[in-house]
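Trainee: Let the sequences and hints guide you as you build the complete structure.
Read in order, the letters of the sequence shown correspond to residues 134 to 618 in the numbering used here.
It is worth saying that the hints were derived from the structure and are not from the lab. For clarity, every value in this text was computed on a predicted model and none was experimentally measured.
The list that follows gives simulated cross-link-like pairs (lysine-lysine, DSSO-like), each with its CA atoms no further than 30 Å apart: (1) Lys-194 / Lys-177; (2) Lys-209 / Lys-174; (3) Lys-285 / Lys-300.
Each pair of labels, with its calculated beta carbon distance range: (4) Asp-522 / Gln-173: 33 to 41 Å; (5) Val-296 / Asp-239: 21 to 29 Å; (6) Arg-488 / Ala-443: 28 to 36 Å; (7) Glu-162 / Ala-260: 30 to 38 Å; (8) Ala-443 / Pro-207: 38 to 46 Å; (9) Ala-332 / Thr-543: 27 to 35 Å; (10) Val-495 / Ala-443: 16 to 24 Å; (11) Thr-442 / Asp-492: 18 to 26 Å.
Think of the CB as a built atom: it goes at the ideal place given N, C-alpha and C, for glycine as much as any other residue.
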Amino acid sequence: MLGLASFVALTAAEPAPRAQPLLLEMAAEHPEATVGVIVQKVAKDESIEDLVTVLGGVVTKDLHIINALSAELPAKAVPLLAQASGVRWVSLDAPVLQAESSITVDTSQLQNAYIRTIRADQVWNTAPYAQGQGITVAVVDSGINAKHSDLKTDPLDLRSRVVAEVKFNSTGKNQSDWYGHGTHIAGTIGGNGATSGGAYIGVAPQVNLVNVKVSDDQGTASASDVVSGLQWIYENKDKFNIRVVNLSLNSSSAESYHTSPLDAAVELLWFNGVVVVVSAGNNGTSGILYPPANDPFVITVGATDDRVTADPADDVLAGYSAYGTTESGFAKPDLVAPGTNITSLLASSNARLAREHPDHLVNDSYFRMSGTSMASAVTAGGVALLLQDEPGLNPDQVKYRLKATAHPLTSPGTGAGSLDTFAAVHDGTTETANTGVTASQLLWMGSTPISSGSVSWGSVSWGSVSWGSVSWSSVSWGSDYWGPE
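Mentor: Take a look at the structure:
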């Protein structure tokens, strides 16, 4: 029988706890919480029941088929239990979900009207109950505060859904968001509303995120920073199941998609199975769309004002939302989504945008912003819902589906209409967009053009582009709109 006294003696040398890292995080951050664990024994005849009791726990099941037991005990006791010589491993007694999960999202406190405008709440709470599970969206932006509670798996699981973080601007402090833009984008895509009691939930509240920080802490980035981030995504997309990239940024230099390195980079991802969603820009009716918004392949998104109603029929194009015909003759944006007065995550009260616009603070955890940046994020979250339900869709099929099911609007500059995630998920068509469209000349094989339909998915590689032959410019977040609300 292993009592507490002998346990203390055995652990005098403080061996590393043999426990699931998540449990050790819970012990450190929520020591008084009661957790359910499964304790695997070193040998069949080991008796650790008394130790569980001494540590303030209760044995709940004898799992002799796997030489283990289940128990409930204070989280702070887990490291001690995991150091006992008779314990092989301690893991969380986690809930098990059926393959056809019907777990719903409580929307009774929901205040973000845009969720109902695009009918994401109906996707969450009716079959297929999609909330973005298993899909990863890469956020190429100013960083993400990955510690925000709304980006955790759930209140009982302290793991962040930000599964990877990288930085490509040499002057930024670290991967976190000191500017305040990227965290807002991340929350719009995938915040779970935990801090607000379900008031401010993002479009895909269980999606995974990758933080690709390309700006410095003042929100300044170059096109080469962005292309470096996109190259990392290209190289790591399979490792993290990155199916969607959100680019709420635009180049400061207008140029053809045939010569823009940003356009070439997003097309490479597109041809390798990654859906790229980009903001149209906030320069209104100028008619100029800057890379990558001018690229014919990607999904370019303009912004609407949903007028804080669920009915898309009263939505109007936001005055700042850019639209026009590109230099190559493509009408942009492809569609629109709510982008005005979007409440999402506050990176920090010390973030630059929070300090510059204190009137847009909702509380200590949330911040209100407007722009096509927000509309792009709303759409990226919608793509995650669609791909969870139909993971076999390629980017051209996703683009076709979103445009074919959009709610038509009469305003010029709204493309195919306003995003309708419920209609997209339930449509079922596998037709493709971009048929016959010629790819960026930077991707051509010598002087031979390539076009959608003439190449197989994954056959265009990053190494085939001569990146040294292109010119580089700076990018911006589109001068997010701070005007009257």
